[in-house]
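Q: This is what each chain is made of:
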Amino acid sequence: MLGLWVGFAAGVPLVGQSLPERSVVRIVNHQQRGDWYSPWNAPAPTEGWGSGFVLEGGLVMTNAHVVSDSRLTYIYLHNDPRPHLARVHAIGHDCDLALLALDDPAVLESIEVLRLGSLPAPRSVVETYGYPQGGKRMSSTRGVVSRIEMQVYAHRSTASHLTIQTDAAINPGNSGGPVVQSGKVVGVAFQGTADLENVGFFIPAPVITHFLTDVNDGEYAGFPSLGVEVTNLENPAARRRAGMTTDQTGVRVAWVDHRGSASGHLRGGDVLLSIAGTPIANDGTVAFGALRLDHRVLVDQHQVGGEVALDVLRDGNALSVSVPLRRPPFGQTLGFAYDRMPRYYIYGGLIFVPLEYQLIAAFGPGAVYQTDLLHELFIRPSLDPSWDKEQAVVLLRRLDHPVNAAMAWHSNMIVERANGRPIRSLDDLIAALEANTQEFQVLEFASHNRFGVLRRAEADAAGPEILARYGIAKDRR
Amino acid sequence: MKATIKAIAVALLLGPATAVGQASDRTKHDDGRHVVELEVTSQAWNESRPWMKLQPTTHGVSAVVIAGPRLLTSAQVVADATLIQAMKHGRATKYLATVEHLEPDLNLAVLRAEDPTFFDDLAPVGLAGPAALADELRSVRWRNRQLEVSSSRLIRAEVKEARFSRISHAFFTVRSDLVGGGWSEPVFAGDVLLGLSIAQDQEQLAQVLPASIIRTYLESLAAGDYRGAPGLFTSWQLNRDRALAAYLGQLGPPRGILIRAAPWSSTADGVLQPRDLLLRLDDHDIDAEGYYEHPHYGRLLFTNIAVEGRRVGETLRAEVLRQGQPLTLELELRPYSPSQQLIPSARVGQAPDFAIFGGLVFRVLDGNYYSIWGSDWVSQAPVELSALWSLEQNAQTADRRRIILLTEVLPDPFNVGYHDLTTQVVQRVNGRAVDSMAELSAAFEHPQDGYHVIDLVLGAEKQQVVLDAAQLPAASQRILAAYQIPLAQRIGE
Numbered sequence: 001m002l003g004l005w006v007g008f009a010a011g012v013p014l015v016g017q018s019l020p021e022r023s024v025v026r027i028v029n030h031q032q033r034g035d036w037y038s039p040w041n042a043p044a045p046t047e048g049w050g051s052g053f054v055l056e057g058g059l060v061m062t063n064a065h066v067v068s069d070s071r072l073t074y075i076y077l078h079n080d081p082r083p084h085l086a087r088v089h090a091i092g093h094d095c096d097l098a099l100l101a102l103d104d105p106a107v108l109e110s111i112e113v114l115r116l117g118s119l120p121a122p123r124s125v126v127e128t129y130g131y132p133q134g135g136k137r138m139s140s141t142r143g144v145v146s147r148i149e150m151q152v153y154a155h156r157s158t159a160s161h162l163t164i165q166t167d168a169a170i171n172p173g174n175s176g177g178p179v180v181q182s183g184k185v186v187g188v189a190f191q192g193t194a195d196l197e198n199v200g201f202f203i204p205a206p207v208i209t210h211f212l213t214d215v216n217d218g219e220y221a222g223f224p225s226l227g228v229e230v231t232n233l234e235n236p237a238a239r240r241r242a243g244m245t246t247d248q249t250g251v252r253v254a255w256v257d258h259r260g261s262a263s264g265h266l267r268g269g270d271v272l273l274s275i276a277g278t279p280i281a282n283d284g285t286v287a288f289g290a291l292r293l294d295h296r297v298l299v300d301q302h303q304v305g306g307e308v309a310l311d312v313l314r315d316g317n318a319l320s321v322s323v324p325l326r327r328p329p330f331g332q333t334l335g336f337a338y339d340r341m342p343r344y345y346i347y348g349g350l351i352f353v354p355l356e357y358q359l360i361a362a363f364g365p366g367a368v369y370q371t372d373l374l375h376e377l378f379i380r381p382s383l384d385p386s387w388d389k390e391q392a393v394v395l396l397r398r399l400d401h402p403v404n405a406a407m408a409w410h411s412n413m414i415v416e417r418a419n420g421r422p423i424r425s426l427d428d429l430i431a432a433l434e435a436n437t438q439e440f441q442v443l444e445f446a447s448h449n450r451f452g453v454l455r456r457a458e459a460d461a462a463g464p465e466i467l468a469r470y471g472i473a474k475d476r477r
Numbered sequence: 001m002k003a004t005i006k007a008i009a010v011a012l013l014l015g016p017a018t019a020v021g022q023a024s025d026r027t028k029h030d031d032g033r034h035v036v037e038l039e040v041t042s043q044a045w046n047e048s049r050p051w052m053k054l055q056p057t058t059h060g061v062s063a064v065v066i067a068g069p070r071l072l073t074s075a076q077v078v079a080d081a082t083l084i085q086a087m088k089h090g091r092a093t094k095y096l097a098t099v100e101h102l103e104p105d106l107n108l109a110v111l112r113a114e115d116p117t118f119f120d121d122l123a124p125v126g127l128a129g130p131a132a133l134a135d136e137l138r139s140v141r142w143r144n145r146q147l148e149v150s151s152s153r154l155i156r157a158e159v160k161e162a163r164f165s166r167i168s169h170a171f172f173t174v175r176s177d178l179v180g181g182g183w184s185e186p187v188f189a190g191d192v193l194l195g196l197s198i199a200q201d202q203e204q205l206a207q208v209l210p211a212s213i214i215r216t217y218l219e220s221l222a223a224g225d226y227r228g229a230p231g232l233f234t235s236w237q238l239n240r241d242r243a244l245a246a247y248l249g250q251l252g253p254p255r256g257i258l259i260r261a262a263p264w265s266s267t268a269d270g271v272l273q274p275r276d277l278l279l280r281l282d283d284h285d286i287d288a289e290g291y292y293e294h295p296h297y298g299r300l301l302f303t304n305i306a307v308e309g310r311r312v313g314e315t316l317r318a319e320v321l322r323q324g325q326p327l328t329l330e331l332e333l334r335p336y337s338p339s340q341q342l343i344p345s346a347r348v349g350q351a352p353d354f355a356i357f358g359g360l361v362f363r364v365l366d367g368n369y370y371s372i373w374g375s376d377w378v379s380q381a382p383v384e385l386s387a388l389w390s391l392e393q394n395a396q397t398a399d400r401r402r403i404i405l406l407t408e409v410l411p412d413p414f415n416v417g418y419h420d421l422t423t424q425v426v427q428r429v430n431g432r433a434v435d436s437m438a439e440l441s442a443a444f445e446h447p448q449d450g451y452h453v454i455d456l457v458l459g460a461e462k463q464q465v466v467l468d469a470a471q472l473p474a475a476s477q478r479i480l481a482a483y484q485i486p487l488a489q490r491i492g493e
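From first to last, the protein sequence lines stand for chains B and Z.
Under our numbering, the first sequence has 217 at position 217, and the numbering climbs by one with no breaks.
Under our numbering, the second sequence has 252 at position 252, and the numbering climbs by one with no breaks.
Simulated from the structure, these hints should not be mistaken for laboratory data.
Where is the CB? At the ideal position from N, CA and C, for every residue including glycine.
Among the hints, a few may not be true.
Reference excerpt, derived from the structure (chain B facing chain Z, CB under 8 Å, subset only) [unchecked claim]:
{"id": "1", "residue": "254"}
{"id": "2", "residue": "379"}
{"id": "3", "residue": "440"}
{"id": "4", "residue": "452"}
Please build the complete structure, drawing on both the sequences and the hints.
A: As structure tokens, this is what we get:
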């Protein structure tokens, strides 16, 4: 890195050379995120910075987190002080990748595009390019491929995908910049960790390729998932009891999400022997080129809408199944939310919202104390066979008014029934309250027989006044 | 024991006059004959290594002399005692004392001295009666061979939950000059005991267990018919909301409280029902916030009615509004000890039960286990455990008495594949639902086709452990030896 900058400062001629930095752009994104605690609010926009690079087709690739919740996005070309308006062409929050298109595509015509490479080898040298810390001058760093593994992508935080760890410095602002080897892009810088020193992570080429293939049809579907929980079969007694021969390896299917791809194809207790013909080891890993990685990397190689072949041992009998792949169940609910404002419904001053991870995150450090909400979101769906909600609904809090001021329970309550009707979504709740013609609106909550009552006529009448008093334009989104 | 304790009752009745409010002149009182110092060496169990104990600690605490003669102190200071030595009159001579009766639910303990001559120059204290609250109080303890008498003032009476149980009764809040109190120091009103200080905060506010609670306990104990501490133990909510009251068929201003649940085997189980409005209890009107007018202490939460002056087996008359209809019901008072909870809130003075099979360590989930995550365990413990506490702590039924945990796996080649398992709820062992350590142990005697199969459930991390049944005994012995564990199980229930 030092050599590069010394050379540049000393005026080493650059004209005519094919240098990646000419294809690297600085991105300024003015974003506006929703307020999950006061969901009717439109909070002040904030400015964020990141990096990107020019791909074929007149598009700029960057991280999803660089351009999420965009209200206005500019890019700046290398050594060009002029801002160029851009808009999100495609975005994949699960894989933290996005494509930008420029309002004036001609701007990129003279820019050399960067071409995608492949998965770099462990210990091989890579270079990063970007604009860390919002700086207006490009920075380049160099390091080696330290580790290749499946790791949680923090942007959405729902799933792990192939990730490369490097000792090349990757700092805020580097995000979205290319990681280059032999002149080709082998990754996109995207996240770091406070737990390790001098460590950064980038999204490797196979994940980028998956994203680009996915968006070819104009719509991003995301990475598929089997929707199962598996446990290892490292214990020989467990393998024998499962009926496995000594040359068979695999993992035990512990739980099948009824909303997931494998529902109807796999059962709890099945032994998953192979995915797409690749055997699964007893510790859940598979051979992936010269690497051993978590078996889910094989599912990641498929697209939503495709099928994956599985070899299974069920009750001692081998069988092959082909599983049509779908998005992970509740991918939108269990991770951070982007590019949408929160839904809500206010009735009689009571604020109802769907239960989702972003809501829990709105509690900040206090989120860990929201035990009942965490249980409903993460635990109950897998424990309670009768749980069939589309999305649980929370009475988040109330806007104090005489019609509701005496209610005993009014914050962070899961609404189980309204006027006797099971509540499986916010729409269910709205319908249950608005269709009711009885004297009372009765809300039953999920635990400890808690419930609350409003007089319907009073609550109906007070609605507009409450909204006006608290400066809220609409009772729902 | 019954015979000797019965003597307490006689003396209680013959004890000093129960007047309060006398001038706080230390020379007028003979506190030194009523108060003794206990040097208590305690050793609690190591909740994460239940076959071990923690380091012993020694504290100086207080006790009062009661009829019998016996010593009375709080359960919390002697529950884990390994040695109790009593001292009197500020002298260094130590007399061996032992716990004769421990009542964790009320946080009280009666002690006897091994040497009866210990009581020769001591005198039992009388208990304050239901008189008006006195302004002039004094807290007393022995310290540095001196009788330390500290001026104290009663701030208020209020109902709180007991330290180790769900019993909810009146406590006094007393402001005291005594520094570092809360170790069972007696608070005197005139010549009688107002109560024992069981906690004190940094603002010198002490929580005092009142004589009215102590009196009933000692009288029942002396009568030989003590069956535990009674209470109502319902889950309830306020009835301030006119809309809710009207929905439940109540006309006029809301009054009474809304019953949400009565735990299985508790006083109200099978008598009060969810959505009953409890209007009156034992001829006391209950307001919409749950308060009633105590004849001496002012407004108190209604739960005190079922505790103060009450014994297990007595009946209370309850007037309720059920589906708009008034009803009069009889409630036979029962105890509701932590042992009646699905997750006992506390295990006092008892060793934790555990069992180790093939290196898998099992134990009962109780409040003590949560304490390994510190006082802020709600945020520090796995959310699955926090949720169990929040949602199911009182959900014990005849078929589901306890939650059994697999707490850790002591690594060995025998249990390879399971080394990372920690804090998992056990659902079944060898196909049998287990809700006690005894059942767990029995289930391990019935392997399935040569395997022990342990089904665990905790959130989405469902796991099944399979172990070779033939190899388990030898592996267990090897693992116990390797990890220096002296016993394979302790099952006391």
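Q: Hint by hint, say whether it matches the structure.
A: Structure-based check of all given hints:
A distance limit of 8 Å between C-beta atoms decides the matter here; for residue 254(B) the minimum to chain Z is near 4 Å, and the interface restraint holds. At a threshold of 8 Å, the smallest CB-CB gap from residue 379(B) to chain Z is about 4 Å, leaving the interface hint in force. Hint on residue 440(B) holds. Least Cβ distance to chain Z is approximately 5 Å, under the 8 Å limit. Interface restraint check: residue 452(B) against chain Z, minimum CB-CB distance 7 Å, threshold 8 Å, status holds.
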